[in-house]
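Chemist: Produce the entire structure from the sequences given, and follow the hints as far as they go.
4 protein chains.
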Amino acid sequence: MPKNILLVDCNDSRGLVHAITGALLKHSLNITMNQEFVDKESSRFFMRTEFDGPLDGVSLVNELTAILPLGALIKLCDQQPKKIVLLVTREPHCLGDILIRHEFKQLQATILGVISNHDSLRNLVERFDLPFHFVSHEKISRQEHEQKILKLIQGMNPDFIVLAKYMRILSPHLVDLFPSKIINIHHSFLPAFAGAKPYQQAFDRGVKVIGATAHFVTEQLDEGPIIFQRVIPVNHSHSAQDMANAGIDVEQIVLSSSLKLLCEDRIFISGNRTIIFD
Amino acid sequence: MPKNILLVDCNDSRGLVHAITGALLKHSLNITMNQEFVDKESSRFFMRTEFDGPLDGVSLVNELTAILPLGALIKLCDQQPKKIVLLVTREPHCLGDILIRHEFKQLQATILGVISNHDSLRNLVERFDLPFHFVSHEKISRQEHEQKILKLIQGMNPDFIVLAKYMRILSPHLVDLFPSKIINIHHSFLPAFAGAKPYQQAFDRGVKVIGATAHFVTEQLDEGPIIFQRVIPVNHSHSAQDMANAGIDVEQIVLSSSLKLLCEDRIFISGNRTIIFD
Amino acid sequence: MPKNILLVDCNDSRGLVHAITGALLKHSLNITMNQEFVDKESSRFFMRTEFDGPLDGVSLVNELTAILPLGALIKLCDQQPKKIVLLVTREPHCLGDILIRHEFKQLQATILGVISNHDSLRNLVERFDLPFHFVSHEKISRQEHEQKILKLIQGMNPDFIVLAKYMRILSPHLVDLFPSKIINIHHSFLPAFAGAKPYQQAFDRGVKVIGATAHFVTEQLDEGPIIFQRVIPVNHSHSAQDMANAGIDVEQIVLSSSLKLLCEDRIFISGNRTIIFD
Amino acid sequence: MPKNILLVDCNDSRGLVHAITGALLKHSLNITMNQEFVDKESSRFFMRTEFDGPLDGVSLVNELTAILPLGALIKLCDQQPKKIVLLVTREPHCLGDILIRHEFKQLQATILGVISNHDSLRNLVERFDLPFHFVSHEKISRQEHEQKILKLIQGMNPDFIVLAKYMRILSPHLVDLFPSKIINIHHSFLPAFAGAKPYQQAFDRGVKVIGATAHFVTEQLDEGPIIFQRVIPVNHSHSAQDMANAGIDVEQIVLSSSLKLLCEDRIFISGNRTIIFD
Numbered sequence: 002m003p004k005n006i007l008l009v010d011c012n013d014s015r016g017l018v019h020a021i022t023g024a025l026l027k028h029s030l031n032i033t034m035n036q037e038f039v040d041k042e043s044s045r046f047f048m049r050t051e052f053d054g055p056l057d058g059v060s061l062v063n064e065l066t067a068i069l070p071l072g073a074l075i076k077l078c079d080q081q082p083k084k085i086v087l088l089v090t091r092e093p094h095c096l097g098d099i100l101i102r103h104e105f106k107q108l109q110a111t112i113l114g115v116i117s118n119h120d121s122l123r124n125l126v127e128r129f130d131l132p133f134h135f136v137s138h139e140k141i142s143r144q145e146h147e148q149k150i151l152k153l154i155q156g157m158n159p160d161f162i163v164l165a166k167y168m169r170i171l172s173p174h175l176v177d178l179f180p181s182k183i184i185n186i187h188h189s190f191l192p193a194f195a196g197a198k199p200y201q202q203a204f205d206r207g208v209k210v211i212g213a214t215a216h217f218v219t220e221q222l223d224e225g226p227i228i229f230q231r232v233i234p235v236n237h238s239h240s241a242q243d244m245a246n247a248g249i250d251v252e253q254i255v256l257s258s259s260l261k262l263l264c265e266d267r268i269f270i271s272g273n274r275t276i277i278f279d
Numbered sequence: 002m003p004k005n006i007l008l009v010d011c012n013d014s015r016g017l018v019h020a021i022t023g024a025l026l027k028h029s030l031n032i033t034m035n036q037e038f039v040d041k042e043s044s045r046f047f048m049r050t051e052f053d054g055p056l057d058g059v060s061l062v063n064e065l066t067a068i069l070p071l072g073a074l075i076k077l078c079d080q081q082p083k084k085i086v087l088l089v090t091r092e093p094h095c096l097g098d099i100l101i102r103h104e105f106k107q108l109q110a111t112i113l114g115v116i117s118n119h120d121s122l123r124n125l126v127e128r129f130d131l132p133f134h135f136v137s138h139e140k141i142s143r144q145e146h147e148q149k150i151l152k153l154i155q156g157m158n159p160d161f162i163v164l165a166k167y168m169r170i171l172s173p174h175l176v177d178l179f180p181s182k183i184i185n186i187h188h189s190f191l192p193a194f195a196g197a198k199p200y201q202q203a204f205d206r207g208v209k210v211i212g213a214t215a216h217f218v219t220e221q222l223d224e225g226p227i228i229f230q231r232v233i234p235v236n237h238s239h240s241a242q243d244m245a246n247a248g249i250d251v252e253q254i255v256l257s258s259s260l261k262l263l264c265e266d267r268i269f270i271s272g273n274r275t276i277i278f279d
Numbered sequence: 002m003p004k005n006i007l008l009v010d011c012n013d014s015r016g017l018v019h020a021i022t023g024a025l026l027k028h029s030l031n032i033t034m035n036q037e038f039v040d041k042e043s044s045r046f047f048m049r050t051e052f053d054g055p056l057d058g059v060s061l062v063n064e065l066t067a068i069l070p071l072g073a074l075i076k077l078c079d080q081q082p083k084k085i086v087l088l089v090t091r092e093p094h095c096l097g098d099i100l101i102r103h104e105f106k107q108l109q110a111t112i113l114g115v116i117s118n119h120d121s122l123r124n125l126v127e128r129f130d131l132p133f134h135f136v137s138h139e140k141i142s143r144q145e146h147e148q149k150i151l152k153l154i155q156g157m158n159p160d161f162i163v164l165a166k167y168m169r170i171l172s173p174h175l176v177d178l179f180p181s182k183i184i185n186i187h188h189s190f191l192p193a194f195a196g197a198k199p200y201q202q203a204f205d206r207g208v209k210v211i212g213a214t215a216h217f218v219t220e221q222l223d224e225g226p227i228i229f230q231r232v233i234p235v236n237h238s239h240s241a242q243d244m245a246n247a248g249i250d251v252e253q254i255v256l257s258s259s260l261k262l263l264c265e266d267r268i269f270i271s272g273n274r275t276i277i278f279d
Numbered sequence: 002m003p004k005n006i007l008l009v010d011c012n013d014s015r016g017l018v019h020a021i022t023g024a025l026l027k028h029s030l031n032i033t034m035n036q037e038f039v040d041k042e043s044s045r046f047f048m049r050t051e052f053d054g055p056l057d058g059v060s061l062v063n064e065l066t067a068i069l070p071l072g073a074l075i076k077l078c079d080q081q082p083k084k085i086v087l088l089v090t091r092e093p094h095c096l097g098d099i100l101i102r103h104e105f106k107q108l109q110a111t112i113l114g115v116i117s118n119h120d121s122l123r124n125l126v127e128r129f130d131l132p133f134h135f136v137s138h139e140k141i142s143r144q145e146h147e148q149k150i151l152k153l154i155q156g157m158n159p160d161f162i163v164l165a166k167y168m169r170i171l172s173p174h175l176v177d178l179f180p181s182k183i184i185n186i187h188h189s190f191l192p193a194f195a196g197a198k199p200y201q202q203a204f205d206r207g208v209k210v211i212g213a214t215a216h217f218v219t220e221q222l223d224e225g226p227i228i229f230q231r232v233i234p235v236n237h238s239h240s241a242q243d244m245a246n247a248g249i250d251v252e253q254i255v256l257s258s259s260l261k262l263l264c265e266d267r268i269f270i271s272g273n274r275t276i277i278f279d
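Chains as they are written, first to last, in the numbering used here: chain A, 2 to 279; chain B, 2 to 279; chain C, 2 to 279; chain D, 2 to 279.
Possibly wrong hints are sitting among the right ones.
No copy labels: a pair is met if it fits in one copy or bridges any two.
With a cut-off of at most 25 angstroms between alpha-carbon atoms, the simulated SDA-like pairs for lysine to any residue come out as follows [to be verified]: (1) Lys84 <-> Asn246; (2) Lys4 <-> His19; (3) Lys140 <-> Arg267; (4) Lys4 <-> Asn124.
Treat the hints as calculated values from the structure; they're not laboratory data.
Modeler: See the structure below:
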């Protein structure tokens, strides 16, 4: 029997868990996992339920719509792999990690293609029989370049866009086209060291930990809702380059862990925060 | 036989380890631990050596001065407990942790006294038979208040001043009087969330880790050389207050670990970075 | 309005969450936090619910008994501080940490007294105006010694007994008298290095991490259900004694974190495992 | 100028650092990093020195032999990539991680080939244009199987053999042929859960952390000198299979970190412990 997932995001009110579990029970669906959270700041209720059973999705959603507060977001997911497109520049480690996990079905995702503003990772991508699209940014305007990339993305129609060390800033225009659908890995524990050269910034400041942050991309650079962060200790013997080398492991784990959460429908966004049922 | 520690901080040049170990050998001193580091940015050499043996300190330092580059800082330490003064406001956890470690000789330090701008921690301090000095900041100017505190500190003549959750900003004047002698615990992983209410700032930004930083106090608030940092994971269920509660453990470990490093002569300062031989 | 906690531990069946939340709703109680888990191995359902509202406890429990599977364990907790007794030997760090947290109400616990087979920690305990009971084990049999301790414990009638580095093994007889009520801190990441001198064992094996484990005490030494574990890295430069020193921080955090979970009614026991709603 | 590394492992005596640095100075070699350690248990001295400069290796080793205690092990390394052979069974994650790092020169190693008792990872290996050798263990004796593998290994003549999730036990005979040259990844924090099915063992014991250990292979299964260990937290919601999934990240980082240390000549073995200069 297929596993299904119900996501509910609505204004809080008394009795929501009871009401939703009642609807599932009425449909003879068997809840195998249930997680809920009320964000007191926004008075918003979030619930993620995994259940088995033969599903009449339309009728279930209709019933939930009737009993939930007006404006409730109700989503039924069928655990099909999510379709993703990767954007990269020249660094291979996050891409390589995702390609291996993808190849061995450790991600609930299907990679539609990889787009880059350099040609250097073509070989790696093609080793895995995946399409690689090289879109040089040379001799064209920033806008033209992004247009070409946008056209490629739209041609593939992905569920999510993953910036796996893509070293160019997306325009607000492009970001707006894919709300809550673009994730990025930034090589610092944000909000520290946003922007360029975070390892050099970290070295200059003399910090004793470095880290990485995966987040949704919004119009404000490096300020979108954070999904996952992890750090590792460093010491005085680390140059900025040593930090960058040491950071590789953290970056790839933070990105692939976030991608996993995303593809398993475990992330809600509430304002500038994420609610993650892991 | 007493254990001694030699600290050397000088311009780098070829053969320094050989030269310094030669001087110790000539004095029949037995090196039990040796650590050295060259900061390539500043071309500066740092070395910390533990050794046993009957010591003619004056003669050793004279010899080292003769063979080391001009301007070398040479320090011989005898592992006597360092004398410290604590400044606190109202939070008991960092203070309590230090008092327990002090009581059971886990710190190489002697607490000369505790100064506070509130009277609420008097009872805790006096439980350990240590002097508590209450200096109210009410009805007097910031300057007058600091003058009173300064006078108390100067009367005790400590090696180091420890801000164990002291919630007032010291003036540049006071800081200048104790260069590289004041350490502070800040309840965030600096440089993120400097200044007031770091847990609220962390909550507002929606971070997935929180942390604490111990650093030397300089004229620039929360910008001095960092000694130690540690973080713990948080999630969407943590309110700002929950983060503050969870942060207690990290704050006290970061501060007492830093204090231990300081009292064991394990920290060098190089510009705005620390070199720590742990 | 007081916060209440409902704990349910029963055989799993479909619709439990719906049924329990229905009963609470009927009583006009407002759920502020709900966590549930089904242990598939044992087909057992666990739920912890925090709620506000004027409570008719007897009637609520009666209703839940009627709707839940036969043999369900139903517990209503009122968030009163738990009464605890500490047993210690000579090491001060775990005891000191708990005393400080107790003094500043960071634990939902009231310490009734501290019992030790040595007199050396009396001074520390009495600094906090708490009863210290010295029961020497010298010149009497192991059985006689335990009888004296048992009598003291029974006189105080605690909810929980905390072995805060108590270096003697309790007899199965005593353990049986307090099922699921005694917790211990062991200074290794169990099941590695059970029994005596875990740091020496860790040194001898050459491990690169050391840790601590808090667990419920059962008849089998160091084999009861584990509550919390944490580790820290070590390296070749750590002697067994260095490991013991470094382990202090971990031990005290593991014990006090576990004690907090216990006193906040967050722990269920399922066979030899714990279910922890934190 | 090429970077060179000197490794010294000898009985401890006074003045060794001075003597060795003197020999390097005499050859006008410039020390860029120096690390030393004395194992007090065995009274053994270990030193690793990185230096630049035009090198007359034979003469330097001769001089060091003359001044160091009898039986000193002196090794000059030229930072050429180490030649390695990988043995695998069916799990792709550790292998995949190493292949990516190898492809992008993040390991100081050259993979000569991959040997497996199953054919399922052939495709992955051949994507990277590396030789894959399938040696089925079916229908032949354990001894015959190992003979075939041994012959393959000997044909490639590697510096190190890496068991990257090779699920068969090597005989003492084979292990003896490659002393201190075989490393293995075990999916538990040894010494806990040695042998088969460590995640199931961890689940059964109800631990709150799981981990991985990389170690040298000796005749005693899972008892060789440990190189690196790391753990991650788990909770009651993790089945044995969930632990295995979560453990993937730790296993691959522990193995590739250890391989990096090995290939950069950073590991000494002292009895059953490793000394690691990282």
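Chemist: Which hint numbers does the structure go against, in order from smallest to largest?
Modeler: 3, 4
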